[in-house]
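All chains, full assembly: derive it from the sequences and hints.
Number of protein chains: 2
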Amino acid sequence: MKIDEAIGKLKELQARQVAYNQAMSMLSFDGSTSAPKNSFECRGRTLSFLSGEVYKSFINKETDDLLNYLLENKDSLDQITFRIAEEGREEFDKISRIPMQEFMEFMQLQNDANHVWETAKLSNDFASFEPYLAKIVDFKKRFANYRDPQKKPYNVFLDDFEKGYSMDDYDAFFSVLKENIVPLIHEAVPRGKSINDGFMKISYPVDKQRLLSKKLVSIMRLDPDSFAMAESEHPFTMGINKKDVRFTTHYYENNLASAFYSTIHEGGHALYELNTADELIYTGLDSGASLGMHESQSRFYENMIGRSREFTSYIHPHIRGLFPSQFADVTADAFYRAVNKPEATLVRVEADELTYSLHVMIRYEIERMLFNGDINVAALPGTWNEKYREYLGVTPPDDSTGVLQDVHWSEGMFGYFPTYALGSAIAAQLAASMGKAFDYKSDVSQGDLSRVNAWMTDKVHRHGQLLKPKEIMEFACGEPFNPRYYCGYLISKYSE
Amino acid sequence: MKIDEAIGKLKELQARQVAYNQAMSMLSFDGSTSAPKNSFECRGRTLSFLSGEVYKSFINKETDDLLNYLLENKDSLDQITFRIAEEGREEFDKISRIPMQEFMEFMQLQNDANHVWETAKLSNDFASFEPYLAKIVDFKKRFANYRDPQKKPYNVFLDDFEKGYSMDDYDAFFSVLKENIVPLIHEAVPRGKSINDGFMKISYPVDKQRLLSKKLVSIMRLDPDSFAMAESEHPFTMGINKKDVRFTTHYYENNLASAFYSTIHEGGHALYELNTADELIYTGLDSGASLGMHESQSRFYENMIGRSREFTSYIHPHIRGLFPSQFADVTADAFYRAVNKPEATLVRVEADELTYSLHVMIRYEIERMLFNGDINVAALPGTWNEKYREYLGVTPPDDSTGVLQDVHWSEGMFGYFPTYALGSAIAAQLAASMGKAFDYKSDVSQGDLSRVNAWMTDKVHRHGQLLKPKEIMEFACGEPFNPRYYCGYLISKYSE
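As you go down the protein sequences, you meet chains A and B in turn.
So in the numbering used here, spot 185 of the first sequence is number 185, and the numbers just go up one at a time.
So in the numbering used here, spot 346 of the second sequence is number 346, and the numbers just go up one at a time.
Since the hints were derived computationally from the structure, they do not count as laboratory data.
Quick caveat, the model's predicted, so the values are computed rather than measured.
A few of these clues could be false.
Pairs count within a copy or across copies, as identical chains cannot be separated in the list.
[Claimed, not checked] Straight line, CA to CA, 16 Å or less: simulated EDC-like cross-link-like pairs of lysine to aspartate or glutamate:
| id | residue 1 | residue 2 |
| --- | --- | --- |
| 1 | Lys37 | Asp225 |
| 2 | Lys151 | Asp93 |
| 3 | Lys493 | Glu12 |
| 4 | Lys135 | Asp112 |
| 5 | Lys37 | Asp223 |
| 6 | Lys56 | Glu91 |
| 7 | Lys9 | Asp65 |
| 8 | Lys201 | Glu253 |
In structure tokens, the structure reads:
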């Protein structure tokens, strides 16, 4: 084989993956946004079938040889081609140990379980979801064992979502957070009780909230020709490529903060995808460097921007314009304090910035117990409630606001949650570095995010998966990742 | 090969087609409803790629042999399997003569041309669309020639959309219509000038119109768990299967009739798909028997039901409830007259029942000229405007309301339009037959469509593609298709 021929074959392979990914992503997206309920059965069959097609066209000796040949000749490859081959090799090794039949069955199971979870959450019925979740856990354990029988299953998953991270790394990370944040919570939460946020939970008609979301994405400078918003039970972002990014939000009439911060959060994810470099389109490298890195962007925009004094002051008159009676007596300061009220609550996505990491830590500890064999699926609701009592002093009145609240497990995404806390910590470090480059808070107070976006694009977004997270941190901050920035940021904000 | 083995292989083939069709349909649906503008490029690549996959997996000697074997042993097949094989044979013969590369290129071209058409229509710019349309016409001519060099290309397309119909058949059909309808138009249109429909074109806020559409689909008894509505430039229905049917509508603030009748029209299409027999799901036979038959359902519900005195009287108080000021002085009779005002207008989808067939006839004649070589693509706007002057005495002020108004040509669907007129005529014959079975107008006056739907399901919907249109007409009406019912219906309605 000649190198040019091999590169040509790699490109063909890549084009296949791009096409199948787009088809499967759009089916899932439609399933979460517009599809009628009864559509789930056929969608499950189709997703399972397509995953089989992907498997067959990718997992074979030809691909194996091609990837080996390319990586053996890596000096002849440009950086993009090298990274495609490297990622391909990793993906191949991940999937090839799983038998195709099980791979397809799992795809179908994900679709079915997700459908059952949605109904179970609405009707507070963990029992109906339990057998599906048990099957998912079995599959995941088996998959982990196929892939690396030497490794603990949970470490396999942690590494999937954040390369190079194991339980040891997360234990160390969370222990720094615990040490710094728990005393702060004990101090701030009781003080927070005096903060009035009742006005955020009166009636805010949804059509007006939609207008506010539009205003937010326009401030964030999301290109309306390349992105679209939809609505779903659980907000998420899906990037097909930099010319086609979607995100969803969820409006609740009696909760202004929910869609407001979901929109900014998902908008942060969307900016990452939209601002990857042009030359990465159709390469499979046009997405975030890792989940933690991706989450750093959503949480940077949500918290460092969206929950800052500067931004809340800037947006306050716009909100008052849309909701003159609801905001008649609400000052900018009252709004700032309401959206930063530290509070021990039940639902992660509605949590304030300070207690957020504890919600994540609870999930991390439960997942670890589940895969280390300390508990089984049936014990999840009880364990969940205990942990909430232990860490936050609150007990969920039902499973809908307890163990059923998140979509992740229904899709088999164990090991995903800890990247949320990691992302928050990366965000704080990036913000500190940006602050050294220019006075971004002054831009934010004018509602002008052009320099903020440009800095993030240069330091993070444009690289897509061309650089590894560690390389990005060095490039953006001049030093490795360090959770102390996050602790410092929270201490300074909540000691105020 | 044993017969059981062959049937198993056919089922496998069918499952492939179902999966690919669903994926491609959802991509197209998303493209017409939610996708951001810049997404069209990648979607075109993906659709083209997937069409190549379908081609490869279907067009090969194995399929050819399989279909031959099955049809040679048709006595061993049940009715469903026989019809799958028969339809497969036809599809195979249609596609196999087209080289795969051109098949894929055409799929990409359709996507691109559709995108360009949308912009061209909005900006009244035929020139930008012309080169795409010219390419489409070239492809279609070439395809027709590959498939049957003995046959005139336009006859190939007419047969595609309504099996067994050629220019001779449509000439005969349209001459009956012309003979009966043109004199009626000459009489009714001048009389219609005195009918006031100005109140239909004042401001009707879109969110309220959406509620009205919801009311309509509930009256039509469309199962909300199996169908969903969306919005697009050009309303259409897409049936994945009986558990997943979508249709779109388009709201105009200053036109109450537009979305109102689009919704009922597309709802009629949707009912057909939703009410196909359970055993037809995943067989590829779970759709309409032909385009004309499908259109008979949309036009039956739109006109025989939706524009009847009984239905307009029934729905009138609901409209007044939603739009109390706009409908303050509008009686049920005034509403009935407004939505039945015969008028020589420019836009087919907004046309009244009487002049509608002339809009179709104009398109039929233009398509015939185009493919018989009498005119070229550049001459379309001029020819269009001449025909409108000749038949309806009106001249489009621009191409947006002229030659660019319909989506069909941008997708290469030549020969499709005449099925609209055919469908209207079938609808009238079905209505006459239903009227002999029970007094359906009395049901309609109560807003109760349960018996109407049940009759249509029994006579038409449930058979899907198991019966041919001719068999359905014999089963439903006890006689062959006869356009005199349609003429009689229009004469009786418009002589009133």
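Results for each hint:
For the homomeric pair Lys37 and Asp225, the shortest alpha-carbon distance between copies (5 Å) is at most 16 Å, but the shortest distance inside one copy (30 Å) is not. Proximity of Lys151 and Asp93 under a CA criterion of 16 Å is satisfied intra-copy only: 15 Å inside one chain copy versus 55 Å between copies. In this homomeric assembly, Lys493 and Glu12 never come within 16 Å of each other (Cα to Cα): the closest approach is 51 Å inside a single copy and 61 Å across copies. For a Cα distance limit of 16 Å, the shortest separation of Lys135 from Asp112 inside one copy, 11 Å, qualifies, whereas the shortest one across copies, 44 Å, does not.
Proximity of Lys37 and Asp223 under a CA criterion of 16 Å is satisfied inter-copy only: 10 Å between copies versus 32 Å inside one chain copy. Proximity of Lys56 to Glu91 under the C-alpha cut-off of 16 Å is restricted to the intra-copy arrangement: shortest distance 14 Å within a copy versus 26 Å between copies. For a Cα distance limit of 16 Å, the shortest separation of Lys9 from Asp65 inside one copy, 11 Å, qualifies, whereas the shortest one across copies, 32 Å, does not. For the identical chains of this complex, Lys201 and Glu253 are intra-copy neighbours only, at 8 Å inside a copy versus 33 Å across copies, given an alpha-carbon limit of 16 Å.
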